[in-house]
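Number of protein chains: 2
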Amino acid sequence: MSEPTYTQTRQVKIIRNEALLEKAERLKPVLIEKQAVPTRLVDVQADPNAIHGWKVTGIGNPEELTHRALGKGDSVIVDFGDHRVGYVSFNIVSVGSPPDAPLKLKLTFGEMPVEMAEPFSSYEGWISSSWLQEELLFVDVLPAAIKLPRRYSFRYLKLEVVDSSQKYKVSFQDLNVRTVTSADGAALQPLNHADPLLQKIDQVSIRTLEDCMQDVFEDGPKRDRRLWLGDLRLQAIANYETFRSNDLVKRCLYLFAGLPDERGRVAANLFIEPTAIADDTYMYDYSLFFAASLYDYYEASGDQEALEDLWPTARKQIDLAWDYTSGGLVNVQSDWWPFIDWHPDLHKQAPAQGVLIYALKKGIRLAEALGGSEGEQAAVAWKKAVFEAEKAAIEHLWDESQGFFVSGEERQISWASQIWMVLSGTLATEQNQTLLLRLLEQKPKIGMTTPYLHHHLVEALLISGLRTEAVAHLKGYWGAMIEDGADTFWELYDPADKSFSPYGNHLINSYCHAWSCTPTYLIRKYNL
Amino acid sequence: MSEPTYTQTRQVKIIRNEALLEKAERLKPVLIEKQAVPTRLVDVQADPNAIHGWKVTGIGNPEELTHRALGKGDSVIVDFGDHRVGYVSFNIVSVGSPPDAPLKLKLTFGEMPVEMAEPFSSYEGWISSSWLQEELLFVDVLPAAIKLPRRYSFRYLKLEVVDSSQKYKVSFQDLNVRTVTSADGAALQPLNHADPLLQKIDQVSIRTLEDCMQDVFEDGPKRDRRLWLGDLRLQAIANYETFRSNDLVKRCLYLFAGLPDERGRVAANLFIEPTAIADDTYMYDYSLFFAASLYDYYEASGDQEALEDLWPTARKQIDLAWDYTSGGLVNVQSDWWPFIDWHPDLHKQAPAQGVLIYALKKGIRLAEALGGSEGEQAAVAWKKAVFEAEKAAIEHLWDESQGFFVSGEERQISWASQIWMVLSGTLATEQNQTLLLRLLEQKPKIGMTTPYLHHHLVEALLISGLRTEAVAHLKGYWGAMIEDGADTFWELYDPADKSFSPYGNHLINSYCHAWSCTPTYLIRKYNL
Chain P
1 MSEPTYTQTR
11 QVKIIRNEAL
21 LEKAERLKPV
31 LIEKQAVPTR
41 LVDVQADPNA
51 IHGWKVTGIG
61 NPEELTHRAL
71 GKGDSVIVDF
81 GDHRVGYVSF
91 NIVSVGSPPD
101 APLKLKLTFG
111 EMPVEMAEPF
121 SSYEGWISSS
131 WLQEELLFVD
141 VLPAAIKLPR
151 RYSFRYLKLE
161 VVDSSQKYKV
171 SFQDLNVRTV
181 TSADGAALQP
191 LNHADPLLQK
201 IDQVSIRTLE
211 DCMQDVFEDG
221 PKRDRRLWLG
231 DLRLQAIANY
241 ETFRSNDLVK
251 RCLYLFAGLP
261 DERGRVAANL
271 FIEPTAIADD
281 TYMYDYSLFF
291 AASLYDYYEA
301 SGDQEALEDL
311 WPTARKQIDL
321 AWDYTSGGLV
331 NVQSDWWPFI
341 DWHPDLHKQA
351 PAQGVLIYAL
361 KKGIRLAEAL
371 GGSEGEQAAV
381 AWKKAVFEAE
391 KAAIEHLWDE
401 SQGFFVSGEE
411 RQISWASQIW
421 MVLSGTLATE
431 QNQTLLLRLL
441 EQKPKIGMTT
451 PYLHHHLVEA
461 LLISGLRTEA
471 VAHLKGYWGA
481 MIEDGADTFW
491 ELYDPADKSF
501 SPYGNHLINS
511 YCHAWSCTPT
521 YLIRKYNL
Chain Z
1 MSEPTYTQTR
11 QVKIIRNEAL
21 LEKAERLKPV
31 LIEKQAVPTR
41 LVDVQADPNA
51 IHGWKVTGIG
61 NPEELTHRAL
71 GKGDSVIVDF
81 GDHRVGYVSF
91 NIVSVGSPPD
101 APLKLKLTFG
111 EMPVEMAEPF
121 SSYEGWISSS
131 WLQEELLFVD
141 VLPAAIKLPR
151 RYSFRYLKLE
161 VVDSSQKYKV
171 SFQDLNVRTV
181 TSADGAALQP
191 LNHADPLLQK
201 IDQVSIRTLE
211 DCMQDVFEDG
221 PKRDRRLWLG
231 DLRLQAIANY
241 ETFRSNDLVK
251 RCLYLFAGLP
261 DERGRVAANL
271 FIEPTAIADD
281 TYMYDYSLFF
291 AASLYDYYEA
301 SGDQEALEDL
311 WPTARKQIDL
321 AWDYTSGGLV
331 NVQSDWWPFI
341 DWHPDLHKQA
351 PAQGVLIYAL
361 KKGIRLAEAL
371 GGSEGEQAAV
381 AWKKAVFEAE
391 KAAIEHLWDE
401 SQGFFVSGEE
411 RQISWASQIW
421 MVLSGTLATE
431 QNQTLLLRLL
441 EQKPKIGMTT
451 PYLHHHLVEA
461 LLISGLRTEA
471 VAHLKGYWGA
481 MIEDGADTFW
491 ELYDPADKSF
501 SPYGNHLINS
511 YCHAWSCTPT
521 YLIRKYNL
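The listed protein sequences derive, respectively, from chains P and Z. Per UniProt numbering, residue 1 is the first one in the first sequence, and the count goes up by one each step. Per UniProt numbering, residue 1 is the first one in the second sequence, and the count goes up by one each step.
Where hints are given, some of them may not hold.
A pair holds if it fits inside one copy or across any two, identical chains being indistinguishable in the list.
[To be verified] Listed below are the simulated DSS-like cross-link pairs for lysine-lysine, each with C-alpha atoms no more than 27 angstroms apart in a straight line:
id: 1; residue 1: Lys106; residue 2: Lys384
id: 2; residue 1: Lys391; residue 2: Lys169
id: 3; residue 1: Lys391; residue 2: Lys498
id: 4; residue 1: Lys158; residue 2: Lys106
id: 5; residue 1: Lys383; residue 2: Lys498
id: 6; residue 1: Lys384; residue 2: Lys316
id: 7; residue 1: Lys13; residue 2: Lys169
id: 8; residue 1: Lys384; residue 2: Lys147
id: 9; residue 1: Lys391; residue 2: Lys34
id: 10; residue 1: Lys55; residue 2: Lys147
id: 11; residue 1: Lys443; residue 2: Lys147
Derived by calculation from the structure, the hints in this document are not laboratory data. These numbers were taken from a predicted model, which means no experiment stands behind them.
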């Protein structure tokens, strides 16, 4: 994800904890490299029924690439058969007279057909066009062995000879990608599900997770390529059910804990290169998820060292978050705003209240695991806080007449508010069931815009015993993405508006995105 | 230079002479590196009185670059104070929040203000746009140390932030160029001329030569960056008066001799990378210049080894050229066309006849230097050829009534025909004087388009005893280039049409070009 424009940039003072950062450094994974080659040559064509209006069709074997001579204005699109994250290399040879001018070559990488079809110059969204994966190369000497130094996230690659000369053309040889991931398939158990769609959804989820698992859990290998706490939390729980790379989760938690601001808050995301750097974006819900994620990690690993090392950070997030309440009710503040979802009109108070209670409850289990006077003291304080927060939620956010949680002065009824209040466990299971069935039936206008919130809906259904509805929604939503051609699951997917982008243009969306990888967790954890 | 479109590409069989190529390899020069830094920041503005309609004006000290923060759409033009050939490096640091998107940076290099002003996308000439010196860089991690791997020929560099993000800008530090040349100034004698314009012209000539002296004598470091025989001949004679890098001339002659076609012809030009390769372009006059250049080299160096090694190649060019005559008159053929000059309407027979006789006479001196029966035999044959060719020229090309040499059925009177027939020494000196004075007075319509032909005019004037006219022309032509802002002399310069380009657009012209460097030769050799 990328933060919206209304985020204020401010001078943040970071208090580095070198001991934690050193432990994170020692947990740096070794990347596993494999080679992948093109599977076919393709053409991209307009198709009103295809996602974004574009589809690819095969037009030749990859071997033909070697024999094709491309001159000025010629291009070819190569399909690597599946989503790939890695480093591309190829050889270029000249055909005709000796090359009497440099070769000007444009490369365009795309996760989706639309990236092969719509010119990147048409992009006018509000986040940087530099995310669009392209290169302009000038090759002075042929033959040339090209090893591109940047990592790309793609399935398709368009090779376009912008100019050569009247005397020579070029052919491409040995085109390949050295893929990288830190996910080791050794721990992965086959699913063998009776339902082929769930089987397929599980497999695509795992590919998504795998391609996002690099030096850290990245949110998306195309964009933003960094470590977001909200994505990490979901990647981690998917990982416990699949690759079980617990050390990678640990590394990420230590990185966040190593770079708090002067108030002790963890950043919403970290940059990893050239060194770990906290972004100056702070999110209320994401900070609270540090505590939740540490509890999930402890539960999966039993790692006492991490519990003790990271406890102060987890406690700090909850205590600070509690300071942003009055009378047990979250005060949404612009200096620590909750993300929740990308919906532009979403009122955040009620869902943030849900997140707070959810995190407090995970925090209590964490405190109990820690034990000692410190743990006990925190557990007591947070139980009191849960009581107050739940009471306040019922008193101020629950609308008995409508049967929904509401948010703000205009008493907004959103999907997000219901989902997070269910996940908070404020109501009894039976009440949650009723609430969720009402939600599914009445479909309030303020809907869900991301797979991230769809995940939380499915999990809310599951913990409320609405298994049938959960499976139906999971299959409906992620299955539709597969139907629309997903090799990996997408950052954004609104079945009612398939070109939706919170960034102003679907070209910039990430089509392999961490927070969309959770079906494998939901399927495996809940034995769907 | 670049060959025109009507050149036919054909399959050429090259007979490699490894012994000669090995000697060439051993003569490979060590490049001398120096560092140059920006001298100021500039702006480019429209000015109808400036060359191409553009002039630069200083707007700041180079130190300001470090303190300027450039965001999306911002650019800055840096002036390196003089023409530079070399490798550029700089550091980029971010300003503001941590960089949350790659930096998309466009670099535009220019020898002339026009390259900073007119977008390269406007170029529609017939030779490759890939010669226009630009780069599009995506920098994923900041700060970054950028070392561009390609060599550029430039004075100006535009740094343009195409995109960064809303959260950060960038500054540039330590911008510098590591210049390269194989010209060693140690042998260079100061001129100290009383005439400041001749002094300046000499200096600019030497800078031009210096920047073209690389691994071989290049025609132009911007374009085409290769070894053309016609340029080599002029660079060599300028070199004998200045840097005296005789081994570099020798290396180039061995390279040409090492890569003849199956008929024994030397190519008009060679590519040097990845290995020495003969271009499939053959030019009648350029081939003959191999013999002339070998004689010049022998005269400058007294190198007996080179004379003996390269004699067979020189002889072959002359003998083959003679085969393209009938009745002593050159038959211009499309498979071995004479270049002479870029004028599109120039009829080539008469000037080619001049070149043939000129080369035969140099060949005779070469044969006499070689001696032995081989030398004697060739000298005798070529003296007979000179006699026939001169006789044929007088009979068929000289128009007594008009007092000019004519060419072709339409009896075209061109500057080139007169110049080359004077240089051939067919007429007596007094007749040449009269002819040249008539030429200067009557100014035939088929004029001169290149400094290459202007050089030959000045030398024709000098060998005909028209010293005043020679100096006047030299100062008028090359002086005007300086007046128009030349740091190094240009490939093309037509004072009547200053944007003339045989390639369809002045952006692609080379503004540091070998064949324009000869004033230092003319001034020093003839003590002007």
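### Task
Return the numbers of the hints above that this structure violates; sort them in rising order.
Of the numbered hints, 1, 2, 3, 5, 8, 9, 10 and 11 do not hold.
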